[in-house]
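Participant: One letter stands for each residue in the lines below.
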Amino acid sequence: MSLPLIDDLKHTPSQRWFKGALAVLPLSIAVIPWGILAGSLALDAGLNPLESQAMSAIVFAGAAQLVAVGMIKAGVGLGSILITTLLITSRHFLYSMAMRPNISPLPLKWRLTLGFLLTDELFAILAAGKQSKNKPQSFDRWYALGVGLSFYLVWNMATLVGIIAGSQIPNLDSWGLDFAIAATFIAIVTPQINRPSILICVLVSLVASVVCELFQVPSGLLIAAIMGMTVGTLYAKATGEKP
Amino acid sequence: MITLTICLMACIIFLSRYGFLEPRLPITLNAATLRFLSYSAPAVLTAIWGPIVFVSEHELNLNWQNHYLVCAVFAIVLAITTRNTLLTTIVSMMLFFGLRAWYM
Numbered sequence: 265m266s267l268p269l270i271d272d273l274k275h276t277p278s279q280r281w282f283k284g285a286l287a288v289l290p291l292s293i294a295v296i297p298w299g300i301l302a303g304s305l306a307l308d309a310g311l312n313p314l315e316s317q318a319m320s321a322i323v324f325a326g327a328a329q330l331v332a333v334g335m336i337k338a339g340v341g342l343g344s345i346l347i348t349t350l351l352i353t354s355r356h357f358l359y360s361m362a363m364r365p366n367i368s369p370l371p372l373k374w375r376l377t378l379g380f381l382l383t384d385e386l387f388a389i390l391a392a393g394k395q396s397k398n399k400p401q402s403f404d405r406w407y408a409l410g411v412g413l414s415f416y417l418v419w420n421m422a423t424l425v426g427i428i429a430g431s432q433i434p435n436l437d438s439w440g441l442d443f444a445i446a447a448t449f450i451a452i453v454t455p456q457i458n459r460p461s462i463l464i465c466v467l468v469s470l471v472a473s474v475v476c477e478l479f480q481v482p483s484g485l486l487i488a489a490i491m492g493m494t495v496g497t498l499y500a501k502a503t504g505e506k507p
Numbered sequence: 890m891i892t893l894t895i896c897l898m899a900c901i902i903f904l905s906r907y908g909f910l911e912p913r914l915p916i917t918l919n920a921a922t923l924r925f926l927s928y929s930a931p932a933v934l935t936a937i938w939g940p941i942v943f944v945s946e947h948e949l950n951l952n953w954q955n956h957y958l959v960c961a962v963f964a965i966v967l968a969i970t971t972r973n974t975l976l977t978t979i980v981s982m983m984l985f986f987g988l989r990a991w992y993m
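For the protein sequence lines, the chains are D and L, in the order given.
The first sequence begins at 265 in the numbering used here and counts up by one.
The second sequence begins at 890 in the numbering used here and counts up by one.
Same shape as in the complex, but just chain L (with noise of 0.2 Å):
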């Protein structure tokens, strides 16, 4: 039974990579579609990251002492003067980490 749900789950997810990479899936993408997708990823990310900086167990967190929500903001304010996106990871990474070990 678990080695079935895992094929399953394994077909599921691979089909839903791979469908549209398919050369003979007979659709073409037009370019209002194409300009619709150039904000996925931007989109995405940052449904991805939202939550993480600003929820904390359920709730809204927008206080400052939020060590999400601070380093956050120094990474964007990193990324926007640098440009660099391995230099904005490790640094805000390097702070927030600090700063966690230093309030424990």
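Chain D with its partners taken away, still in its complex shape (with noise of 0.2 Å):
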């Protein structure tokens, strides 16, 4: 079962592109306050600029690098931040594994790219196109590349705001930017609940979301997340529920 490439040959690449890269924009907004954020905050933490800048750069990590940065600033030892990191990042995994059919066929630039930003915006662009009725299954590459890169660098040009203003911007977790990436979710999410097990799915891991947050589990979001995946294939497999 090997899902078909379909690159839209109507438009140009840059046409894609920019495509991707408005399909984004909300999301794009959202992290800007977090951008922000990882730049005063690493400067706060005693990197210099240029180390707060590749922080954003290379780690390319929103809630990975705010948790680093909080640890280095704490002292704790190196062991223990890329456990943390393993931790947090071990959703990429899910994500990897989900894009494989589409991406690993693609020429090694595409590969190392594509993957490179893969990041949770990216996967739920791309889950969202994925579920298109008109286009079922489709994978743009171009399209993919205006949804990451364009993330990407608002992410970094945040970042560079967030080191050069450092703490002159009060406040920035308290303006609830945060309902910009529920929103965006929840539109995503509520038109891919097609059939009784993505309901059962999606039930399950908001509770157990929740659930892992009030009581501060680690890794709560994947522990969730794989919980609503199994409930749901099996509700699907014990009904014979056609996918």
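No lab work stands behind these hints, which were simulated from the structure alone.
Be a bit skeptical, because a hint or two may be false.
To be verified - No farther apart than 25 Å at their CA atoms in a straight line, the calculated lysine to aspartate or glutamate pairs in the DMTMM-like style are these:
1. D:K283 with D:E477
2. D:K337 with D:D308
3. D:K337 with L:E946
4. D:K373 with L:E911
5. D:K337 with D:E315
Dock chain to chain to rebuild the complex, using the hints, since each chain is given by itself in its own frame.
Facilitator: Set out below in structure tokens:
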């Protein structure tokens, strides 16, 4: 069962790139305060400006960066930082496995680029595209690059702003910009619920993630997601639901 | 030391993202695995938005004064009726920031 690679040939690569950049725009806007925070907190933790920017430029992982910077500031050892990084980043194993049918047949430079850019946001937008009714299972490399690269550029520019402006921007995390993330993901997930097993998967994941968050379970996100996926799959199998 | 930390973190994160994209990795995903993975997007994305909407300051917030909750319900209704991702995102964000500005 291999999925076909469908590149949109009616439009030029740059048109497809901008289409991707537009699709991820709400998430790019939502990430700006977190990028600024990543820059200013890195500086605050004792990284020099170049190191602070390098964090966003080569690590490029919001949650892991913010946590690691906090640990560096607290003087935690390298081993603990790396284990925490591994726990936070472990959901990417799931993303790369899910994208394997689409991305692994591409040439090396595309694999490396899209792999490097494979964030929650890129996965979310590509997953939304895969579900579209008119072009099922389509995958356009230039569209994906537009999503991933535009998001990368915004993240790095926001980090630069954070490094320059430093602590002059008050209470960024109380602006409620995380609602933009919730709104976008709800808008992506809701239309995908077209079978009972997906509804069950979503409900299990929802309850589990909230419970994990309340009890501050490490890697709660991954635990909740795998619970949802497992229950959804089992339900589909038990009821003989058609995919 | 900080340079080393950044480089090692970058390696771990890149490997987690790229690992299964490498075609020479000797695994083939069978139909059952692909079926399981087809639930990954709704499951992971829900596990990200759930806590944002329902938890504030480490406590469950089911109060109607929780703007995150009200606007999330609104976004779900909008997503079901319009099926338009961008419209749903923008209109529910406008409601959210409108409510926040109003009650500030």
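Participant: A separate judgement is required for each hint: does it hold in the structure or not?
Facilitator: Evaluated hints:
Taking the CA atoms of D:K283 and D:E477, the gap is near 35 Å; set against the 25 Å cutoff, the hint is violated. A distance of roughly 8 Å separates the Cα atoms of D:K337 and D:D308; the hinted pair therefore holds under the 25 Å criterion. Distance hint between D:K337 and L:E946 is fulfilled; the C-alpha atoms sit about 23 Å from each other, no more than 25 Å. Restraint check for D:K373 and L:E911: satisfied, since their Cα atoms lie roughly 12 Å apart, inside the 25 Å limit.
At roughly 14 Å between alpha-carbon atoms, D:K337 and D:E315 fall within 25 Å of each other, so this suggested pair holds.
The structure is inconsistent with hint 1 alone, although it conforms to all the rest.
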